[in-house]
Structure formats: structure tokens, C-alpha cells
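Novice: The lines below spell out each chain.
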Amino acid sequence: MTKYNAVTEEIIQQIKDAAPGHVLVGDAVNEDYAHDETMRVETVPKKPDVVVEARSTEEVAAVMKICNENHIPVTPRGAGTGLSGGAWPLMGGVVITTEKMNKILGYDETNMIVRVQAGVLLATLAEDCTSRGLMYPPDPGQKFATLGGNANTNAGGMRAVKYGTTRDYIREITVVLPTGKITKFGAPVVKNSSGYSLMHLMIGSEGTLGIITELTLKVVAAPKKTISLLAPFGKEGDGLRCVPRMIRAGLNLEAAEFIDRVSADKSAAYLGKEVFPKVVDGVECEVYLLMTFEGRTDDELELEVERAAEILQDSGSADILVADTPALKKEMWSARDSLQEAHVSLVKRTCSFDITIPISELADYMVFLRGLADEEKIHFSCFGHAGDGNLHIGYYDDSLSNEEFDERIERVTEKAYARCKEIGGVISGEHGIGFERAKYLPAQVGEECIELMQGIKQVFDPNLILNPGKVCFALD
Amino acid sequence: MNYLVCVKQVPDDSVLVTLDADGSPDLQSIDLTVNAFDTYALEMITRVREKQGEGEITVLTVGGETAVSALRSCLSVGADKAARVWNAACEHTNAKAMSEILYQTISKQLEDGRKFDAILCGLESTDTMSGQVGARLAEKLGYALVTGAVSMEAFEDGFKVEQETENGSRVLKVERPCVITVSKPNYDPRYPTLKSKMAARKMPIEDWTLDSYQVTENAAARSFEVLPQKEGGQKIMEEDVACSVQKAIAIMVEDKVL
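Going line by line, the protein sequences match chains D and B.
With our numbering applied, the first sequence closes on residue 482, and no number is skipped along the way.
With our numbering applied, the second sequence closes on residue 259, and no number is skipped along the way.
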């Protein structure tokens, strides 16, 4: 394992000189900086020695340089909403948070781009865009993540079925390398075929190759009209098999989510109201498809909905509920956004997967996952992005001892990941590898790929000081 | 039984309204929707009707062509019939004028032989929030009035209504016919289904507009001026009220106010 040096008083002073007034040490370091929102981790969170609340790229660079020269581990951090442990300072040392770098630097509406600091929250940008008739399409459930954090995990979210993921909306980034040098990757243009795309290498690298401090993002004109439909199905397989048909039909589908029965029940318990009705027209609902369609006019939208209804009804939908007012749309989608929160608030221990598989496999893979839960006698719930095959799976059982729980989860994880690989899936679609999934990555991508990743990491970060223990370098 | 629900189309209240240069609200880009309290009223009476197993619900609105979509929304979530009123007298009305228009319209329907066992209104509209229309209408019709209902059920020759009070709620019995204004119940209005929306699209909208209306007074606010925020001031946010009071006294003593 790489040896790191302790953060001495002298180094702390150097860091304070580099970022005057923005450095926290000792008791001023909140316990929250020891972890993010990752659940079920055996690792005990370790508080960093120093937290730097950076205000500028230059400040980040100056601190990185000091840490690199002194072999001090550095963990970058956004809002701390990650779900794979990417922001855990496993080796202590210094945490550099970009939370205070939260300015929208300006729009260029001719080129349809916006420049932001990395600490701007997704919700802030989304709202600002809306007020200008624009839309920033990436729409992960966690709206209070930073845009720098979204870039680092290549966050996707609800609209990925139509618009893709964060990667598709980044044009240029400013990066502080582990050596403390400042560089830019990408360019504010649509096409770029100029050498290796280090920008795309940086996106999804989870703060292991550099710290992103500024981003130039693509925005689009906001859709004129939208309507949301909730289609409950008596049989889960019918609902999930219907999704590829909807996509193949060329519908203007902005989002297509699914919610299983147990997740719907948790939502009702958590919110105190039943947005996803248990029984519709006498049919007990096993799964729900929640969709949003876009259109330029009411007539266009109506036609879109009629075409969708044909497919949904033909696939066995019990009925179709319509959210066509801002209030109803908000209610339906808020209930969807709160599913993860509902799950973690109602169970004491849980593991959470972020598997992504081809959408053709959704129905069969769900049967497989339920089978694993039966085999291991553990509870199971699932919701996710039906339109892009990204599943958020929870296995949990508060009646088990910690040891029993861990053993069962370990077996379930290995089997779920192995089957995922067989059918062409990946172990993380948008949460990232962090350290939670680092030990499973070699089996997913293969040894050659891991060696290449490690080689790349060493080119960027020869002293391995940046975000140790994450992605391709698991701690021993 | 026959029920009438008075509804108003309002700008979506989840969107921040900005003012034009002349101080009038810029509503061009804001979607119009049925006033939330009116949707609660419709849901409440729809549940009464479902429990009773009979009854007819008519929704009535005063509004231009765009208000038709509000009525169709109501038809897709419980209403059986819909009627609209619109002429020059209806533009820029205040609560008093609106209650007169509604009173005259409803009176004509009563004269023509219609009967309403209960007339429901939202407690207030989310745009002007006067909260007066229901009460004024009851006064003019000479009907009993219950305000702030959060639940109701048919009961003998009237209704048992749970009314929201400052301390919680109380149950009142009211005879038919009556006017009931509805607050937020502990449930949400139902979602329309695709089938109910398609059916609503084909349903007729009746025109209840009278040849003329006698409106005695009609001064409605058309523009607003936002006064600059007072500078200075200090927020006192201590752990509890006692500490806050102590802090406030200390500041006033320091500034020689006390």
C-alpha cells in the first residue's frame, strides 16, 4: 500500500497560507466530511485532518501542489451526496471541497452553453435554466448534488432515455491535476476530433485523476409542452417488456421510470399519501411505469399520448393516470424522486446496487433478482430507469445480525454482478465505483482493462495522492 | 342530490410570477390551472357522491375561452356537467362583483327549475386569495354557510361538515341547501385517467351567461408596486423564545431604545 505522510503543523500552515481563511482543522472539521451518503459500508469513516473550502481554481491548485510535494492524500468533495463512497477520505489527509465555488459564470445563448463553477448545485442550474426558457437535461434523482460531482460520476437520471447522461452535456472542463497544475480539457464547440479526449477520461473518473473546478455545459431549449403518464400493471413482466416497444415506436419519451410494488408501498409510508395506487380497476398493481412525453403543441402531445396509450393498453396496463397540470406532475415526480430517501429512512441497513443492463433483459433480470432474495431469505425492492436499464436495487432485512446480513449480501452481490455481466450489463450506471464497488471492478472489466486504468492513473497522479482507494486501486 | 362546484382558472401557483413594466403580473408564459382549493372541493363532493351512490355534480366557471380546459379537467375527475359564464361584465372582477355574477347566474338556473342541494367553493383562490366569494354568495342566496370544510358527508336532510378551526376542527350539521367553502382535506384530488380525459373532451359545455349582469361595484387590483426592502434590521434566531426575547431586550438597551 502507498505510504502517505502525516499532516504536520508546518504543512497545515502552508495550506492556510495557500487558502487563507478557507481551511478547517481539528474540531472545526465536521464529522460529515468523513463520508458521503453511501449505505452499508463496513469501513469506519475517518475524519480528514484538514478541510479546504476552496473558493477558486488557483486555491485548489496551490493546495494540491503542497499535498503532492508532501505525499499527503487528498480527497475531492462536492455536496457529499455520492452513493459509492467516492468522497470518503479513506486515508485521512486533506479534503478539498468545491461547495463554495457555486457561481453560475454566464450563459452564451448563441452557442447554447453555460459556464459554471463545480460547486453549483444541479437544482440551482436547473431552476436558472428554466427561468430563461432553457433546460439542462441531466436529471439525477438527487437534485442537491454539485455539477462537479455529477461530472465525476457521469450522473444520468430520469431523462437519460432521450437526452443521455452528464457526459453528453459537457463541452469543456477546467481541471487541477494532482501535481497542482491547471489545465483545460475539451472545448466549447460541438465537434472535437483533436487528439485523445482527456475530457471524457476525466468524466466519470470520480476525482481520481484531477479536480474539476469549472465546467462549460451544453443547454437546450426547454420543451414547450410535457405530460406525464402513470401506467400501473398487474404483472411486473408486462410492464417492463412494454418499455422497449415504446422506445421502438419512436415516441417523444423524455423519461420512463419503473417502480415496483414494495418501493411504491415505501413511498406511501414515507410521504403519508398514496401517489402510486395499490389497486386500479380491481387489479393489484405489481409495477408502475412513470413516463413524461414532450411535444411542441397540445395537439402534438395529445397524439403522442394516444400512441403511447395504445402500446400500454396492449401490453396489459390496468389503466393510465394522467398528470397534465404542473401540480400533478410535480406530485408524481416528487414521489419518484423520494424513493431512495424513503427506502433508506425505513430500513436500518441496506445495500444498494446501480446495475445497468440492456432494456431487453429488464423483465427476466428482475425475476432473477427476486429469486436471489428468496434464496438468501432477504427482502428486496427495486425501482429505476426503465428507459435505459439502470436499476436501483435494495436488499435489506433489519432482523438479521450484521454478520448474517453481510454474508448474505456478499453472496447476493456476487451472483447479481455475475449475471449482470453475462447479459451485457455493468455494475454501475451512474453512481460510480468509489470504494464500495472497487473490489468488484476487475471481474466486471477484466484484468487488462484494470491494468490500463491503473497505468492511466499513474500518469496523472504518479504519487497516488488523489482519492486513494477508489475505482481501480482498491485498498489492500 | 345535485351539487354545484364553482371553480376558477388561475395561473399555476408553483411558478414565480414576475411583474411587467407597468406593474401588472406577466402571466403569458405561466400555465393556467384549476384553483387548488376548488379541486379539493370537487374531490370532496365526488367522494360524497360515491359514498351515497347517487347525485349529479355540475362545475361552473366564470372565464374566457381558456377556461374551457379547466372545466374539462373537472369533468375528467368527477364532475358530470360543466357550465361557463363569460361576457364583458366578467372581466377584471373583484370578489364582490364575482359573487354578484355567480348569484345572478345561479338564481336564473334556480328559476329555470334546477336545484342545488349544496354549492361548493374553494376556501379562496390561489391568485387573489380574497376568500370572500363563497360567503358573499351564501349571503345573497340566503343559504346556510360553512367555511373551511376539510371533510363532509350527507346526513339526514343536510350535511355533516368537519370545519377547520384555529385549534383543530369541529363538526357542524347544516341543512340543505347550503354553501360550503373547502379547505385542504387530508387527501389529494384524484388523478384523471386517460379514459376519463378522452370522455371529458367529448362532453358539452353549457353556456349559462345572462344577457346582462347588475354589478354594483367592481374595483379590482390590476398592478402591484413592490416597495424596496427596508434596509438594516437584524434577525434574532436564538435557541428558544425566552433567549430571543432576552437578546432583543439586550439589543434595544444597547441602542438606547429602552
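Some hints could be false.
What the hints assert, rightly or not - List of simulated lysine to aspartate or glutamate pairs, DMTMM-like, C-alpha gap at most 20 Å:
#1 D:Lys230 with B:Asp27
#2 B:Lys203 with D:Asp305
#3 D:Lys106 with D:Glu48
#4 B:Lys52 with D:Glu316
#5 B:Lys196 with D:Asp23
#6 D:Lys231 with B:Glu44
#7 B:Lys196 with D:Asp320
#8 B:Lys196 with D:Asp304
#9 D:Lys336 with B:Glu66
#10 D:Lys241 with D:Asp304
#11 B:Lys203 with D:Glu37
#12 D:Lys230 with B:Asp32
#13 B:Lys203 with B:Glu66
Keep in mind that the hints were calculated from the coordinates and are not lab data.
Just so it is clear, the structure is predicted and the values come from calculations on it, not from any experiment.
Novice: Which numbered hints are broken by the structure, listed smallest first?
Specialist: Violated hints (numbers, rising): 3, 4, 5, 6, 9, 10 and 11; every other hint is consistent with the structure.
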